[in-house]
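Participant: The residues making up each chain are set out below.
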Amino acid sequence: MNNLISLQKRLISVFVLITFIFLLLLGRLFFVQVKDSKWLQAKAAEQWFRDLPLNATRGTIEDANGVTLATSYSTYDIYVKPTRIKSPATVALSLSNILGIDYETIFNKACNVKYSEVLIKQQVDADLSKKVISANLEGVVLSENSTRFYPYGDLLTQVLGYTTIDNVGQSGLELYYNNYLKGVNGYALEESDVHGVKIDNTLSSYIPSVPGCNLNLTIDVNIQKLCEDALINLCHDHEPKSATAIVMNPKTGEILAMSSKPSFDLNNVPRDDIQKLMEMSKNLSVVDVYEPGSTFKVLTMAMALEEGVSTESEHFYDPGYRIVDGEKIKCWKLTGHGSQTLTEGLCNSCNSVFVDLSLRLGKERLYDYYKTFGFGNLLNIDFTGESKGILMDIDTAKKVDYARMGFGQAIAVTPIQLITAICSVVNGGNLYRPYFVKSISDTSGNVVAKNQPTLINKTVSSETSERIKTMLEAVISQSYGIETFIPGYRIAGKTGTSQKYEAGAINNKYVSSFVGAFPANDPEYVVLVIADEPSSGHYYGSIVATPYAKTIFEGIIKYKNIEPNGETIEEDTAKLEKNILLPNLVGLSITEACSTLTKLGLLYEIENDGDKVVAQFTPPNTYVYKGAVILLTT
Amino acid sequence: MKKFKLNNLILLILVLGLSLFGLVAIYSASSYSASVNYGDAFFFVKKQAVGLVIGIFAIIFFTLFDYHKFYKLRWWIIGISVLLLVLVFIPGIGKSNYGANRWIGFGGFSIQSSEVAKFGFVIFASCYMSKNYEKMKTFKGMLPVLLSGGLICFLVLLEPNLSVTLCIGCVLLLLLFIGGVKTKYFVIFLCLGLALLPILIIAEPYRLKRLVAFINPWANPLEEGFQLIQSLYSLGAGGFFGVGLFNSRQKYLFLPFSESDFILSIIGEEFGFFGILILCFVYIAIIVQGIKIAFNASDRMGSYLAFGITSIIGVQMLINFAVVTGSIPPTGIPLPFVSAGGSSLVVFLSSVGILLNISNNSKFKFDMRKFAINFKSNKRVKTSIK
Chain A
-9 MNNLISLQKR LISVFVLITF IFLLLLGRLF FVQVKDSKWL QAKAAEQWFR
41 DLPLNATRGT IEDANGVTLA TSYSTYDIYV KPTRIKSPAT VALSLSNILG
91 IDYETIFNKA CNVKYSEVLI KQQVDADLSK KVISANLEGV VLSENSTRFY
141 PYGDLLTQVL GYTTIDNVGQ SGLELYYNNY LKGVNGYALE ESDVHGVKID
191 NTLSSYIPSV PGCNLNLTID VNIQKLCEDA LINLCHDHEP KSATAIVMNP
241 KTGEILAMSS KPSFDLNNVP RDDIQKLMEM SKNLSVVDVY EPGSTFKVLT
291 MAMALEEGVS TESEHFYDPG YRIVDGEKIK CWKLTGHGSQ TLTEGLCNSC
341 NSVFVDLSLR LGKERLYDYY KTFGFGNLLN IDFTGESKGI LMDIDTAKKV
391 DYARMGFGQA IAVTPIQLIT AICSVVNGGN LYRPYFVKSI SDTSGNVVAK
441 NQPTLINKTV SSETSERIKT MLEAVISQSY GIETFIPGYR IAGKTGTSQK
491 YEAGAINNKY VSSFVGAFPA NDPEYVVLVI ADEPSSGHYY GSIVATPYAK
541 TIFEGIIKYK NIEPNGETIE EDTAKLEKNI LLPNLVGLSI TEACSTLTKL
591 GLLYEIENDG DKVVAQFTPP NTYVYKGAVI LLTT
Chain B
10 MKKFKLNNLI LLILVLGLSL FGLVAIYSAS SYSASVNYGD AFFFVKKQAV
60 GLVIGIFAII FFTLFDYHKF YKLRWWIIGI SVLLLVLVFI PGIGKSNYGA
110 NRWIGFGGFS IQSSEVAKFG FVIFASCYMS KNYEKMKTFK GMLPVLLSGG
160 LICFLVLLEP NLSVTLCIGC VLLLLLFIGG VKTKYFVIFL CLGLALLPIL
210 IIAEPYRLKR LVAFINPWAN PLEEGFQLIQ SLYSLGAGGF FGVGLFNSRQ
260 KYLFLPFSES DFILSIIGEE FGFFGILILC FVYIAIIVQG IKIAFNASDR
310 MGSYLAFGIT SIIGVQMLIN FAVVTGSIPP TGIPLPFVSA GGSSLVVFLS
360 SVGILLNISN NSKFKFDMRK FAINFKSNKR VKTSIK
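So the protein lines, in turn, are chains A and B. With the first letter of the first sequence counted as 1, position 196 gets the number 186 in this note's numbering; the numbers rise by one all the way through. So this note's numbering is basically just the index in the second sequence, starting at one, shifted up by 9.
No lab work stands behind these hints, which were simulated from the structure alone. Worth double-checking, as some hints may not be accurate.
Pairs of lysine-lysine, DSSO-like flavour, derived with a Cα cap of 30 angstroms [claimed, not checked]: (1) A:Lys(-1) with B:Lys372; (2) B:Lys140 with A:Lys(-1); (3) A:Lys(-1) with B:Lys104; (4) A:Lys241 with A:Lys440; (5) A:Lys(-1) with B:Lys78; (6) B:Lys104 with A:Lys71; (7) A:Lys266 with A:Lys361; (8) A:Lys231 with A:Lys76; (9) B:Lys140 with B:Lys14; (10) A:Lys71 with B:Lys191; (11) A:Lys(-1) with B:Lys218; (12) B:Lys218 with A:Lys25; (13) B:Lys14 with A:Lys33; (14) A:Lys76 with B:Lys372; (15) A:Lys(-1) with B:Lys56.
Keep in mind that this is a model prediction, so the values were computed, not measured.
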């Protein structure tokens, strides 16, 4: 009987034990469900909602006439959700037909139930995507992406710049104006299951994205194309390390065109070779410096006229060099230009004249002017990475240094600095800040920001400006500039050829350039063409840069439909009439060759110090115009 | 034909009510996952409903089936139990799932062998102990119970299925305790069982991972800790009063096994702590009824059998509660009567049929007051014992 009592006792104690454990578990449950509730709920909510970013469409970039230069379009990534596909074969067949992908590949992906989402194809265009959508396949999902597109591809490459795959501006205007272009991303918060599938009949909050603003550039795509073509030809003919061209409106500072070569197609950014990419995406006009050489003489001349240190009637004698502080500064024409007026000095690009002018102006005045012209300072152009140029410290600059600066050596400037300064001396003396973007507008067309012509400095008087224009027109209509001469039109300009200093020594590398303004009396376009280290054997600006600037002028005339001046056209054409047959000069002695050319009414340049002519440019038996310059190599 | 009578209507109502509630809970927990995975929101509900219908027939059958007949069948019962456990390893019959052989299939229907085997063991042990209750004090006397239980445990462990092994092991210990085993032996067995547990955990790397995950689930929330964290999210999100029926968020595939082993989490999310509290009372009430039946049984066999069945229900429920609340390392064991699982439901309802049959055979009514008095004075309460 004790057994039975014991059984009942034990039954009760088991019941008590179970109840006790039960109470412990309830205590634990209370902790989880009541005490930690808030915290756990908050953690759980993180996984219940899916935050879908709604990417803002990046703003477009348009030229001055509203032509689209950069835009964004939608592409789609196509995925399959294997667990939601009932018939992988049907899905695979449809997708392979539409997308042109191997059936097997898609089928295997569609059967791979291990994954909730498998990528089929990226960056599918809108047309194909529409077909996929209309096929209405269960378990196939599309995600929208924005892809940047540059309709012109390899045009304005360094200025426009490019973006990352995620549409963040990486260089050029895409970088500088990224905050305007990018817009504001929106998002959709929706309730989803563990795989991110939206749960039916649930509310989702939706904050739409705000598209980026559109840039309206000062660039005119037609003029830009002229520059691109001119540089392509230049590169083809003379194979320089790099070439640059800028067209600017001198009355406002608007940049009408800016091109650098080598360049690349913006739709196919060569991201594999970072170093090469960095090299090619550098906007040389703004970030790179060079010794401007003879084009700089225009500015020295303007300073001299403004300060009255010389008059146009004064005669200078050039024996082929000047000695400053015991150092011999050679003129490029070693035999010397002899006696010449101020204007002739500019036409002949005689270094000695400009050494004299610089010395007369003196260091302090020169540096004041440089500052006024913007050298050694930022122009605050709307572009990232602008360079200040290199201007020797005023205290360390010796006499021989600033004597050289007078003809554009021992000073380094950016191409945009030079053209901006030149613009100021041909527009009446106003130094305008150069800029790329005219206005920024939102998608409704409201202008949110604007760039207007900004006067930085007054450089020279309008009288000086008028005189400079006359002089520069003379340069063109005479010997060395004649390559740019266009009958019936008035062009002012100056060539430049500077020898490069590397590691403190002169070598045989040159920078050839030309700067010109059109129309000469009241310029609306200023063009700068620079070829860095041409390797064709020619390096004179008049051969390497001038002809290409001329094609730009001709292009502008044609594009803007500018009528020629009927009165001068006949006279001008006569000037360019090629009616002199050039004889063979190779083999002759220098003196014989020179006298032959003088008799024919031709000019000449001599290279090297030899006695006999070994080569000539232009080649023999071709017709040339009166006053053409023939290059003789001895 | 016997007349269908019922001494314990409360138990039947509680169990059927719980099963019907389970059907609703399963629908809520599984409608989304079922429509995603099977294209039918009622996939699990339908299977469970079939189980419930079969289970009701099973209740009727076992209520009318005199449990004394089990005595003659005891060797068959333990034999079939062992056979079922062996069959899971035979290819073609056994079904592998999540790397374990726990199921055997007949055509479209499959059952979990261990579900049947644990009750088979309880029936066998009850039969033996009632006949040999006096021998139970000796080691030799208790050996058949120990060996049969040990064999079942061993086979289930081979599947492998640690949680069911644990459950059967607990029931074995409780049966030995009730069978009158000396406290000395009981303590030794308990210690042996506890010592065996770490060895078993270390033997299988995945168990060790789960243990680590249990200690700090947040260390690896996407791998080992995932299941437990999701369960805690469910319970936590439920708070005191819950988010309301059908409003669970965790059922959207966040919580794996939400319709089966972790259905309590979804119930906790939808009905809150308060809802689980009510559920607990229902389970306690079922256990109270089970213990009462064991108390009032007309003989030792009835008493042992009723107790054994009740302890399976109780132990399994406790383990499930402990897993879901993160009180012990995660292991898969269904919540009796509620979790989705047709075979489990049929077997549990059958066992309730047996309980009802024991209750019907009882000649006594339990008197708590009288019991309490006698309990103190160590006096017998019942007089007529077979």
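Participant: All hints, please: hold or fail.
Facilitator: Hint by hint, here is what the structure shows:
1. For the given pair, lysine -1 (chain A) sits about 20 angstroms from lysine 372 (chain B) by alpha-carbon distance, which is consistent with the 30 angstroms threshold.
2. With a C-alpha separation of about 20 angstroms, the suggested pairing of lysine 140 (chain B) with lysine -1 (chain A) holds against the 30 angstroms cut-off.
3. A hinted pair counts as satisfied when its Cα atoms are at most 30 angstroms apart, and lysine -1 (chain A) with lysine 104 (chain B) does not qualify at roughly 43 angstroms.
4. Between lysine 241 (chain A) and lysine 440 (chain A) the alpha-carbon distance is near 17 angstroms, which keeps this suggested pair within the 30 angstroms criterion.
5. Distance hint between lysine -1 (chain A) and lysine 78 (chain B) is fulfilled; the C-alpha atoms sit about 28 angstroms from each other, no more than 30 angstroms.
6. About 28 angstroms separates the Cα atoms of lysine 104 (chain B) and lysine 71 (chain A), which keeps this hinted pair within 30 angstroms; it holds.
7. Simply put, lysine 266 (chain A) and lysine 361 (chain A) have alpha-carbon atoms about 35 angstroms apart, too far for the 30 angstroms limit, and the pair is violated.
8. Restraint check: the Cα-Cα separation between lysine 231 (chain A) and lysine 76 (chain A) comes to about 61 angstroms, which exceeds 30 angstroms; the hinted pair is violated.
9. Between lysine 140 (chain B) and lysine 14 (chain B) the CA atoms are separated by roughly 28 angstroms; this keeps the pair inside 30 angstroms, and the hint holds.
10. At most 30 angstroms may separate the alpha-carbon atoms for a hinted pair to count; lysine 71 (chain A) and lysine 191 (chain B) exceed this at roughly 61 angstroms.
11. Proposed proximity of lysine -1 (chain A) and lysine 218 (chain B) is contradicted: the alpha carbons are some 41 angstroms apart, above 30 angstroms.
12. A hinted pair counts as satisfied when its Cα atoms are at most 30 angstroms apart, and lysine 218 (chain B) with lysine 25 (chain A) qualifies at roughly 28 angstroms.
13. With a C-alpha separation of about 53 angstroms, the suggested pair lysine 14 (chain B) and lysine 33 (chain A) falls outside the 30 angstroms cut-off, and the hint is violated.
14. As the CA atoms of lysine 76 (chain A) and lysine 372 (chain B) are separated by approximately 60 angstroms, the hinted pair breaks the 30 angstroms bound.
15. A C-alpha spacing of about 41 angstroms is found between lysine -1 (chain A) and lysine 56 (chain B), which places the hinted pair above 30 angstroms, so the restraint is violated.
When the structure is compared with the earlier hints, violations turn up for hints 3, 7, 8, 10, 11, 13, 14 and 15 and for no others.
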